[in-house]
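Student: Start from the sequences, fold in the hints, and give me the full structure.
Number of protein chains: 4
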Amino acid sequence: MSIRFAVLGAGRIGQVHAKAVSSVNGATLVAIADPVAAAAHHIRDTYGCDIRSIDMILTSDDVDAVIICTPTDTHADLIERFIKAGKAVFCEKPVDLDVARARKVVDTVVAENGLLMVGFQRRFDPDFMALKQAIDEGVIGEVEMVTLTSRDPGAPPVDYIKRSGGIFRDMTIHDFDVARWLLGEEVTSVQAAASVLTDPAIKELGDYDSVNVILMTASGKQCTINNTRRATYGYDQRIEVHGSKGSVSAENHRESRIEIANGAGYTRPPLLNFFMSRYTAAYANEIASFVDAIANGTPTKTTGMDGLKALELADAALKSAQTGQAVSLA
Amino acid sequence: MSIRFAVLGAGRIGQVHAKAVSSVNGATLVAIADPVAAAAHHIRDTYGCDIRSIDMILTSDDVDAVIICTPTDTHADLIERFIKAGKAVFCEKPVDLDVARARKVVDTVVAENGLLMVGFQRRFDPDFMALKQAIDEGVIGEVEMVTLTSRDPGAPPVDYIKRSGGIFRDMTIHDFDVARWLLGEEVTSVQAAASVLTDPAIKELGDYDSVNVILMTASGKQCTINNTRRATYGYDQRIEVHGSKGSVSAENHRESRIEIANGAGYTRPPLLNFFMSRYTAAYANEIASFVDAIANGTPTKTTGMDGLKALELADAALKSAQTGQAVSLA
Amino acid sequence: MSIRFAVLGAGRIGQVHAKAVSSVNGATLVAIADPVAAAAHHIRDTYGCDIRSIDMILTSDDVDAVIICTPTDTHADLIERFIKAGKAVFCEKPVDLDVARARKVVDTVVAENGLLMVGFQRRFDPDFMALKQAIDEGVIGEVEMVTLTSRDPGAPPVDYIKRSGGIFRDMTIHDFDVARWLLGEEVTSVQAAASVLTDPAIKELGDYDSVNVILMTASGKQCTINNTRRATYGYDQRIEVHGSKGSVSAENHRESRIEIANGAGYTRPPLLNFFMSRYTAAYANEIASFVDAIANGTPTKTTGMDGLKALELADAALKSAQTGQAVSLA
Amino acid sequence: MSIRFAVLGAGRIGQVHAKAVSSVNGATLVAIADPVAAAAHHIRDTYGCDIRSIDMILTSDDVDAVIICTPTDTHADLIERFIKAGKAVFCEKPVDLDVARARKVVDTVVAENGLLMVGFQRRFDPDFMALKQAIDEGVIGEVEMVTLTSRDPGAPPVDYIKRSGGIFRDMTIHDFDVARWLLGEEVTSVQAAASVLTDPAIKELGDYDSVNVILMTASGKQCTINNTRRATYGYDQRIEVHGSKGSVSAENHRESRIEIANGAGYTRPPLLNFFMSRYTAAYANEIASFVDAIANGTPTKTTGMDGLKALELADAALKSAQTGQAVSLA
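Chains as they are written, first to last, in UniProt numbering: chain Z, 1 to 330; chain L, 1 to 330; chain Y, 1 to 330; chain F, 1 to 330.
None of these hints come from the bench; they were simulated from the model.
For every residue, glycine included, the Cβ atom is placed at its ideal position computed from N, Cα and C.
Please note that a few of the clues may not be correct.
Simulated restraints on C-beta separations [unchecked claim]: (1) F/142 <-> Y/61: 25 to 35 Å; (2) L/56 <-> F/23: 24 to 34 Å; (3) F/2 <-> L/23: 44 to 54 Å; (4) Y/12 <-> L/133: 53 to 63 Å; (5) Y/138 <-> F/305: 44 to 54 Å; (6) F/277 <-> Y/325: 38 to 48 Å; (7) L/62 <-> F/281: 29 to 39 Å; (8) Y/325 <-> F/142: 20 to 30 Å; (9) Z/274 <-> Y/298: 28 to 38 Å; (10) F/23 <-> L/136: 30 to 40 Å; (11) L/162 <-> F/297: 44 to 54 Å; (12) L/136 <-> F/281: 24 to 34 Å; (13) F/277 <-> L/42: 24 to 34 Å.
Tutor: Rendered as structure tokens:
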């Protein structure tokens, strides 16, 4: 009784998910859809699935679930169509760049009693899961301060940035989700500072490349997020959670575990440089979790509401960075 | 031609400085002043100096310099009196809890052409000096983001907190000074969040125990400061500076360099638990630097103006935490 | 043009290799052989291959290569039979516990112009490969001293030890191979010390659980090996190579990359506790390397001669431990 | 009631001890002796002591204890003379390069009921003391394997090596003492391998620069020692002790605690490069321990017998390296 999948979009993240589906127990890849023939062929040839159009998949009886890896501006419509067609839906973040539109999607999913999972893969990283488990087991007592450091090796192309919704909605959104996950309380106040330090082209687009955010909850728990689009030493992904009884942190992933010592000192390799290699295990765990939810009829671990909440925090942070004022969330 | 010192105040920080004076080349401890006889006797007996009143020291021809370790509310007056008496003055932070009063002190020092050093010992910590040197040598390129983590093992007594001026002026003030030192530009905007998470008594005093601050300079460089009054694992003092070409960080000091491995994992000892043991070398270097400035007629490395600027940042942070608004500094 | 494989033996290491064959590009699992039906069925059902007897596989035209995962005392015969049948052969270490028998196998492979790879998976571990690459690139200059630390979490069952050939042939043999690989010269002298510290039952069998070995090459390069059958903190696998220009080391693999700080100190998780999880990537790389050798007609990276040489070192170490004398190898 | 000291020999180690005596509570530096006037003057001027000849010190009523920092070939005679004169004696290692002569010294000390401390400063290093304390508290259970890594940054001058007694008596002797301290049992068997890898001049002297040693006790505990005269990354001093319940290790001391991250990786500074800076605290603790022993009439923590035992192990190691045979000690 394997769950039968179609993947919409055969780009690089589509390939990651196609591979995950193929290797997870209890899942089968049935179809791939992509207007770019070569991309679709590659997945078909690698995993032995059909190529179908999105419309065909919508009416395919042999497809139980879809994974949406198409451009962001198609997400909301596709989620609604497939949820209404009775398919389980996994969608890469964000649901939509517009909060109102995203909220409507979430409402639709509820109305249709559908199953939607939003792709926040960091929650499925084995190290971050171990960190969360330590917190849940009470090892550090009550959570008080969360410190998130997320730095990209380099900025994406200008064309990508134009359509990205800006750094808060594109990059920090992952940290907003992690913050909510770890704080265990909703955020009630957002302060943010933002500037452009790496590339004037980003400034011309009205976006930022360097941001710091402070989140506060009703009980006074705090979280800081540090983002930059340029880290020469690789893809920097760190979490530290400080609590009443102690702290727990998760360290980065390096290219290898060797160290070289000589007159210049002791040198370990730089970090993995790409989010796909850094989060390989997380992407596989994420799809396995989605398969579990479908198979067992349980809620997904990252819901449409999680996607919406993270987006609201992104909007609040942008507003705070622009006005200098803390933005309150109900 | 040794510089002849008197230490005002024989409390724990007075003892630290008395020891430093006694061990630094080119300095001699001549006198100690303290209304508590036992404390003064202890220093006299340990280092072989006189016991004198503050008024006597003021007119002592055999005293070239004083180190002010008396309660905070006496600092401003004592600095002015000793500067006018022609003595070189080292004063523990803060110059005063009131910005206007501190500014007047700085003006007096300038008018009298006096030599004042304010005790920001972290600039003299060997590791932080090595970090600063790496920055100055261009190792990380242009400084972009500074991250300061300063956590006390536990809150001071309530009586101390009452007279402390609050966490920003008492604890974060050190981080404000380090931030200015490392950013290399004056801060133009301050955002802060603050809450009470460790002890309701602190809330009753109108103070905070958990704060996060974002500083921004005119060119967009940013700094975050994370403070809490409770860290179960010791006195946590970390710096990380991110730049255009790389990052540099300084790690904590542990009780020892051993590690124990067993079924529970790999355990290294907690951090040194007290600012005096953590900054032993920094305190000695600080006094040596003061002696150098006196002997060579050069400016001190941490001036009255540094003390004033840090205090202004503390006031701005407090205001931001209370109002939610970013506070601009000219 | 996929290489078609049969796996002989469906025990735990057989399962590892079956999985590797199934996931490596250019390889196909055709058949599994095991007298235990349940074990064979499990692999058949998981990977969709046939179940065949060893004799059937020997004459199967649709099998290009076999992986021998049967008990040690069957290795030599099976290698010879399959080499003579024209199959490429991968065999788990050791070729045989008897040097003379192993040498005869190596001679047979040469006479038949066969392709034999012996399973020394450590050479294929990504970290150790990175370490070796650094050496080959001259990063540490001339290799002078190799230090190998290999400690098992716990001793195998007494029944296993009885048939194992003793700690030098069963456990240290991996280190002997790594030593030869890293020294880049053949060993000419072996000194060893051995004792029983963890379990008297091991002493009764005439075996050891705690050994140290010193290897020396003709040019004076040295290697030490430290083995014990009990490490409470997990499966300890470290390499350090000291050279004329510097050192390079490879660190252990932990259960996760988190660290917990509290009053007891800073604790990271224990090491992965099992050779299969520690060397998952190595096992996959090893089979990929074998497939490459077959496909390209190139020699295997670990040959029958490597298996023989490691066995000779094991015999020499045992003799040295028993007599206290250094044992010379031609 | 301060213990009054004279230091014999004003070379670099004499200066270290003169400084230690001057700073330790309960000790006073009374006199320095050295045929080189400038060296003696330096210590006199720095610490305000007399300059006296060795013969004068021998009969000085105001000297309770001497610290012998003269050339090795004078140690034995000086110890005997000062012990007979009723002075407490601290002597730098070795007592003598000849075991028989050293044994005679030990006998004399016993016969005279004298107090002799031999300078094995590593036992007084704060980290190694913390490691030893962990062992004594049972944290790792029963000690099974000790691993000592001691590597000098560079070889001493050829003239020094000529008179040094060879690497085992000059360099490894410290490790032999540490081994005995940590094993908690006397060594009964020594195996060693030695070669010359860094400088042919060392070979011409009949000495070695690269050695590995295995020590075994009657109960089967083992210790390995790895020495080389060249480590490009600094003065490498590591200890690891493996026990029935876990392991404990002590890590190196770096020039500072900073780390730089960039495209080349993460780099920490090299190690402290000189035994005096590495063991600054150990030298001070050592003299404080000697002062305690004198003041309290208790045995010294490193005795003449410790010096003798370490020398016997050095001789055994040399013999084993030359013959290839394990050398037994009664």
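Student: For every hint, state whether the structure bears it out.
Tutor: Comparing the hints with the structure gives:
| no. | hint | in the structure |
| --- | --- | --- |
| 1 | F/142 <-> Y/61: 25 to 35 Å | 59 Å, violated |
| 2 | L/56 <-> F/23: 24 to 34 Å | 30 Å, holds |
| 3 | F/2 <-> L/23: 44 to 54 Å | 19 Å, violated |
| 4 | Y/12 <-> L/133: 53 to 63 Å | 54 Å, holds |
| 5 | Y/138 <-> F/305: 44 to 54 Å | 48 Å, holds |
| 6 | F/277 <-> Y/325: 38 to 48 Å | 42 Å, holds |
| 7 | L/62 <-> F/281: 29 to 39 Å | 35 Å, holds |
| 8 | Y/325 <-> F/142: 20 to 30 Å | 29 Å, holds |
| 9 | Z/274 <-> Y/298: 28 to 38 Å | 31 Å, holds |
| 10 | F/23 <-> L/136: 30 to 40 Å | 33 Å, holds |
| 11 | L/162 <-> F/297: 44 to 54 Å | 52 Å, holds |
| 12 | L/136 <-> F/281: 24 to 34 Å | 30 Å, holds |
| 13 | F/277 <-> L/42: 24 to 34 Å | 32 Å, holds |
In summary, the numbered hints that this structure violates are 1 and 3.
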